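Visitor: Listed here are the chains, written in short residue letters.
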Amino acid sequence: MEPTPTNAPVIEFRAVVYTLPNGQQLLHNMNLQVQRGETLVLLGRSGSGKTTTLKLINRLLTPSGGEVRVNGAITAKSDVIRLRRSIGYVIQDVGLFPHFSVERNIGLVPRIEGWPADRIHARVEELLQLVELDSKIASRYPHQLSGGQRQRVGVARALAADPAILLMDEPFGAVDAITRDQLQREFLALQRRLNKTVVFVTHDLREALRLGSRIALMEAGQLVTVLPPQDFLRSTDSLAAAYVQAFREGWDSPAKGGT
Amino acid sequence: MNVFHFFLQHHKEILELALEHLWLVGISTLLAVLIGIPLGIISAHWPVWNKPVLGTANVIQTVPSLALFGFLLPVPWIGARADRLAILALTLYALLPVIRNTYTGIRGVDPSVVEAGRGMGLTDRQLLLHVELPLAVSVILSGVRVAVVVSVGLATIAAAIGAGGLGEFIFRGLAMVNNELILAGAIPAAILALSADFGLGWLERRLQPR
Chain A
1 MEPTPTNAPV IEFRAVVYTL PNGQQLLHNM NLQVQRGETL VLLGRSGSGK TTTLKLINRL
61 LTPSGGEVRV NGAITAKSDV IRLRRSIGYV IQDVGLFPHF SVERNIGLVP RIEGWPADRI
121 HARVEELLQL VELDSKIASR YPHQLSGGQR QRVGVARALA ADPAILLMDE PFGAVDAITR
181 DQLQREFLAL QRRLNKTVVF VTHDLREALR LGSRIALMEA GQLVTVLPPQ DFLRSTDSLA
241 AAYVQAFREG WDSPAKGGT
Chain B
260 MNVFHFFLQH HKEILELALE HLWLVGISTL LAVLIGIPLG IISAHWPVWN KPVLGTANVI
320 QTVPSLALFG FLLPVPWIGA RADRLAILAL TLYALLPVIR NTYTGIRGVD PSVVEAGRGM
380 GLTDRQLLLH VELPLAVSVI LSGVRVAVVV SVGLATIAAA IGAGGLGEFI FRGLAMVNNE
440 LILAGAIPAA ILALSADFGL GWLERRLQPR
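Chains as they are written, first to last, in this note's numbering: chain A, 1 to 259; chain B, 260 to 469.
Among the hints, a few may not be true.
If you anchor each label on the Cβ, the simulated ranges turn out as follows [claimed, not checked]:
{"#": "1", "chain 1": "A", "residue 1": "ASN195", "chain 2": "B", "residue 2": "ASP383", "range": "32 to 38 Å"}
{"#": "2", "chain 1": "A", "residue 1": "ARG111", "chain 2": "B", "residue 2": "ARG343", "range": "25 to 31 Å"}
{"#": "3", "chain 1": "A", "residue 1": "SER139", "chain 2": "B", "residue 2": "THR363", "range": "28 to 34 Å"}
{"#": "4", "chain 1": "B", "residue 1": "PRO333", "chain 2": "A", "residue 2": "GLU67", "range": "58 to 64 Å"}
Covered stretches of chain B (chain A as the covering partner; in silico rule of three or more C-beta atoms under 8 Å from a C-beta of chain A) [claimed, not checked]:
{"#": "5", "stretch": "364-374"}
{"#": "6", "stretch": "431-444"}
Because the hints were derived from the structure by calculation, they are not lab data.
All values derive from a computational prediction rather than experimental measurement.
A virtual CB, placed ideally from N, CA and C, is assigned to each residue, including glycine.
Work out the full structure, taking the sequences as your base and the hints as a guide.
Guide: In structure tokens:
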């Protein structure tokens, strides 16, 4: 492995193409760099290729062309299991193991990695505290939790082996507005403490503006533009402007007496 | 009352044949589980195998049992002893429910759970052992249950080729036009089937994941 200078991107897409076996191209010539400690938000409609992009990072999908690098190493040539264990992964449906308690869900990767039981237990306690859950919850099963609690357990589980990179696929998409607001707030606080490199997928501009240090706008398998939130609002790009307009219209709707 | 007396008089022989029956069913079910679960896993994970595996098991199921015994008769080693023949035939019949339920159980695992597991860096083997099989276990068990109940009934026919079991009474009764003899085979067989059904059903509910 080549030595990586400290300012090198943690994640890098070089001319990445992804084509389905039936020939349909989901991603065209993607070039993207994610820097250490930033939260890059992939914003786009469904079918725009944002989830595909995310799955290329932990090699749930393998590029059909070009290369994805994580910490300088080409993912297609890395040990896929090691790669995935060094990257936290949170999805909208959470995917908690229904037959495991919260503690076993969070502690699964450490257990497989052969950590001693007391260290796993301490780590689970620490993580539950980090995501602001009562440690009493550790013995419960996923079906006994609320949507917000489940999502927090999902985040805790992704952080279990202390990965430097976190991939989040619409993690707050399936919870109510108030819980979402709270989870977003906690995410920001968590991110200030942990300083992970995060790639976050959403279709919600409001969420993108709030959480992202940069927003990568995607449409029909193409990366349209990458901008910091404040520039995104002023962007002259027609698609970005359309997003901002739709967002403002929702805000100033006539139903609220706005004009 | 006659039947009751007959049972009292012949309880030793009934017990002996019932144990023989149980042995035929037990061994063949065990073999079906050992072969069927891996085949079910293979067809669930590699879709190309799905049709040939389930198709073959389906075809075997449609062969009439007496004909199957006949087909297997010329097979070396197997055909040499009636109990081997009976066990092989019963195993073949038990395969379909075991394979099909293993397949259904594994395919039925919530895809987001599998994706999360894969994304966390579980190997295929770890995913199978820690996630897929534990979540599919009650569905697999209900297939085993169907296999056992069917086998108990089917094993009575094994007596036709001299493999023993409770079918002995039934065939003897048929030949002698003696209802008591027929019932001496049929009633214990029904009791065996019902208790196996009940016991495995209980186990299935115990192992049901939430």
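Visitor: Next, verify each hint and record whether it holds.
Guide: Hints, one by one, checked against the model:
Between A/ASN195 and B/ASP383 the beta carbon distance is about 33 Å. The supplied range of 32 to 38 Å therefore holds. The given range of 25 to 31 Å is broken by A/ARG111 and B/ARG343, whose C-beta atoms sit roughly 45 Å from each other. The hinted range of 28 to 34 Å is satisfied by A/SER139 and B/THR363, whose Cβ atoms lie roughly 31 Å apart. At about 60 Å, the beta-carbon gap between B/PRO333 and A/GLU67 stays in the expected band of 58 to 64 Å.
Residues of the stretch 364-374 of chain B with a Cβ under 8 Å from some Cβ of chain A number 5, which satisfies the need for three, so the listed coverage holds. As drawn, the stretch 431-444 of chain B meets chain A at 0 residues by the rule of a beta-carbon pair under 8 Å; below three, the given contact is violated.
Violated hints for the displayed structure, listed by number in ascending order: 2, 6.
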